[in-house]
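**Student:** Protein chains in written order, with UniProt numbering: chain A, 1 to 248; chain B, 1 to 248.
Be aware that one or more of the hints could be misleading.
Any copy, or any two copies together, can satisfy a pair, since identical chains are not distinguished.
[To be verified] In silico SDA-like pairs for lysine to any residue, Cα to Cα no more than 25 Å straight-line:
#1 126 / 32
#2 126 / 182
#3 82 / 131
#4 165 / 105
#5 165 / 73
#6 82 / 65
#7 82 / 95
#8 169 / 59
#9 82 / 118
#10 169 / 58
#11 126 / 242
#12 82 / 213
#13 42 / 169
#14 82 / 155
#15 169 / 150
Simulated from the structure, these hints should not be mistaken for laboratory data.
There are 2 protein chains.
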Amino acid sequence: MTRFALTLEFDGGPFMGLQRQDHGPSVQQAVEDAAFAITGEKVTMHSAGRTDSGVHALAMRSHVDIEKPFDPFRLMEALNAKMRPDPVAVTACEVVAADWHARFSCIGRRYQYRIRNRRAPLTLTKGQEWQIARPLDEQAMHRAAQFLVGRHDFTTFRSAHCQAKDPLKTLDRLDVRREGDLVLVEADARSFLHHQVRSMVGTLALVGLGQWREEQVAQALAARDRQALGLNAPAEGLYFVEAIYPAG
Amino acid sequence: MTRFALTLEFDGGPFMGLQRQDHGPSVQQAVEDAAFAITGEKVTMHSAGRTDSGVHALAMRSHVDIEKPFDPFRLMEALNAKMRPDPVAVTACEVVAADWHARFSCIGRRYQYRIRNRRAPLTLTKGQEWQIARPLDEQAMHRAAQFLVGRHDFTTFRSAHCQAKDPLKTLDRLDVRREGDLVLVEADARSFLHHQVRSMVGTLALVGLGQWREEQVAQALAARDRQALGLNAPAEGLYFVEAIYPAG
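Let the sequences and hints guide you as you build the complete structure.
**Tutor:** Structure (structure tokens):
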């Protein structure tokens, strides 16, 4: 048995999410079906994050265990060939130790959220950004974001379907910056609650639009109540960017 | 009568090209049909470039003449509303002098060509980049590109369907650079022949792959013969980036 770590890039648009679902296509199913077609083995893929329908990944980390011997480069090529034309690609594949786990060994996760702040509808990036027509004050958003950095009870910013036992999480970084008409939010943490990034971004957008004062974000956090949430940002602007593992 | 200059962004994928065609949808038809729906006037759109099927634009410049009085912001909003869900957007609209012409007043055009240099298939940028699996030497490509800069007879790099009277063109800049696994080619000229950028990029790719020596690009140019062309790069990696007009 060999454990292969996979780096996955995918367009979340046509999927019901990363995790296997009964009611539609998933990234997990795409990879597992391709692995079965190649190896004849029923594998289970584990991943650093469990992204929702419509959420994209630039470099999700996952692993699968395969009995038959395979060269990692050959496995990557075969998986990519089998998955066409699904918008999932294995961009890297390596053999890892049997106790390395894409989810449980992961000590850091980075998400990026892309807001296109302009009047005109999206063309080339349709389904890949959240369009907000009215001008956003990204500096106010960045200042308000700093209320969320640190160790907090993030109940306000958590989906009703979140399965985590503990709403206490440490948010290491939440930066907002502008590049032309693109407003980028980057979030780093060891782990996130379900919908946490989208909930934080949606609420910061209200600050950026001038509908919320910056301090209201701190009040919403302190409320520890989903009803205090400003807005949940749509899935299509969210990207899983990086999973971090201990060196060695 | 008022002349409106439009800045257009579009995904060229679903169109037969910018110019109106008998056999399928075009960007020109999308804009003209929207203008007709709004104004009741049959307008003709003129544009800085005439991009092929599959070629994209970040900021094409065009103009239309409209008899009814319109505020340019309102016209832009109405055009964008009517063109949904076609992937064309008017990102700017302004009133210009009656003798300003999107095509004939234009004194500079900039194109960008995007090559994704990796094994893995494209996901998020499918139809928006040319994927080349084998490693490209972008520095050799840049050196070879310099043979093409200047005033030359570009017959070798011209489509058989090119309607320009004169194959003599002045190429002001042709730069190749790498950003991670993205190899970017940027071309500046007052005007280009049909397929010129794609023909230059395709031929430079052969140099990047080591199939052509750098000097062969100079020899192909000197041949003034379409048969001497290395390769025509696919439309999907090409972007019309900027049209330049005299100040004032």
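**Student:** Hint by hint, where does the structure go against what was stated? Just the numbers, ascending.
**Tutor:** 5, 12, 13, 14
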